[in-house]
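Just so you know, the protein sequences line up as chains A and B, in that order.
Add 2 to the 1-based position in the first sequence for my numbering, that's all there is to it.
Add 953 to the 1-based position in the second sequence for my numbering, that's all there is to it.
Please note: incorrect hints may appear among the correct ones.
A short list of chain B residues far from chain A (calculated; beta carbon distances all over 12 Å) [unchecked claim]:
1. 979
2. 1003
3. 1022
4. 1060
5. 1079
Computed beta-carbon distance windows for the label pairs [said to hold, decoys possible]:
6. A/204 to B/974: 49 to 57 Å
7. A/204 to B/1121: 19 to 27 Å
8. B/1092 to A/84: 21 to 29 Å
I should point out that these hints are in silico values taken from the structure, not numbers from a laboratory.
We treat Cβ as the ideally placed atom computed from N, Cα and C, and that holds for glycine.
For reference, the chains in residue letters:
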Amino acid sequence: MGLNRHQDERLRPLHIMRLGLIVCVSFGLASCASTKNLVLDTTFPVPLMNKVPVRLAFHLDDTLLSYVYSEKIEKKGQWNVELGSVQTKLFNNLAAGIFEQHKLVATNSAPGLDGVLKPSITDLQFSLPDQTRSDFYEVWIRYNFDLYDSNGNPVGNWPLTAYGKASKNDFSSSSSGVEAAAIAACRDAMAFFAINFTKVPIVKKWFANGKPQKPPAAPSPAESAEDGKT
Amino acid sequence: MKLFIFLIFVVAGLSGCVTSTVEQVRESATGMSEGDAVVVLGRRNRPSQTQTELDFINCISNNMSSGANGVAVITEQDFMDALFPWFEPRTAPINTNELPGLLQQPVLAERLREISLKYLVWVEGSTRRTSQTGSLSCAATPGGGGCFGFLTWENDSNYEASVWNAHTAKTAGKISSEAAGTSYIPAVIVPIPIIARVQSSACEKLADQLKVFIQDTP
């Protein structure tokens, strides 16, 4: 009953093709609801602006630099959008374009400069075309900016909401669509910040008062006691 | 084997009919000098329910820069990066009234001079599937597979290009391009797609007209 050797050799490619088809379909079905890890891979332009006469430092803390938004979407699987890795590029280029002088610092104080800005991402939302019954992948990022004087004394804070969208007609996969919308949202944040920085009431008032610097805050009693022990 | 290859070429060569019209309204004289460049931008202002396809913008740019009377075209992304943040969806000027204010900024005016920009072409519109009828089903079994049925659909393209003169900050004119075509897929075991290249036709017609428009002084 068995096939002779010649027939077996002729049918072997067919068997391999069928096996390949089954494997491909299985992987295809599995990928429908798999985990999607999006890492933004982009560069940001330097804003073309008249520079604001201020010397500011950016404090990008670990929470911002490791920011990952995770959400499980029904029938679409787990989505992890890693936004933290592009924040250094984003704020470096933003500051290079709009401030007279800038640098990145590791604390909320920066002696020799006028102040320190500490951005944080307080919320991120995204939607897929199926969810909104539209043609667009959409991403909203809510930033918060804390402004400190050079000695680390808080001056004020303000929120900034950025939005980006990408048409499903332009992207073949949902991952690339969400990634494009996230990049658009990052650019929107930069654009909005660049154009509106000097119009933010807190900043406006701080500038009008001559960018006052309060003395460094006295250490708390607990900190003093710690220092005394050492 | 030769017959099979011949059939592939015949099928690939089949395409549905497309009807297209191009209309033009001129508001001021145009012309390009040596070194002048053009940029083609898709309208992405918010809120909007539609957005011009990225590949359509690229198609217009590529068609305008090629051919005997091709012009220097700056890519959309390069332009947006060079002029960032002034042409982002949130900040881009909606009409020419906003251009003088922008151009008054020395850094912006200088950058535009650096890239030798003469015309901005704003493109709005999209290609939509307007109707679809018929059905086509395919089946695959370990012993083989095939398709049976008949599918047909109609695509409509509607685009409008507004040409702004970056030197005078005025509208030079508008060109609209409309195209429609019906595609078919008859299938008896093997589906034979007869596709109407509607968007591509709209792109070619619009790009050709834009090239003539911006180089022409009536």
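Outcome of the hint check:
1. 979: holds (31 Å)
2. 1003: violated (7 Å)
3. 1022: holds (29 Å)
4. 1060: violated (5 Å)
5. 1079: violated (8 Å)
6. A/204 to B/974: 49 to 57 Å: Since the Cβ atoms of residue 204 of chain A and residue 974 of chain B sit about 55 Å apart, the hinted range of 49 to 57 Å holds.
7. A/204 to B/1121: 19 to 27 Å: violated (40 Å)
8. B/1092 to A/84: 21 to 29 Å: Hint violated: Cβ distance 42 Å, outside 21 to 29 Å.
The structure fails hints 2, 4, 5, 7 and 8 (numbered hints given earlier, in ascending order).
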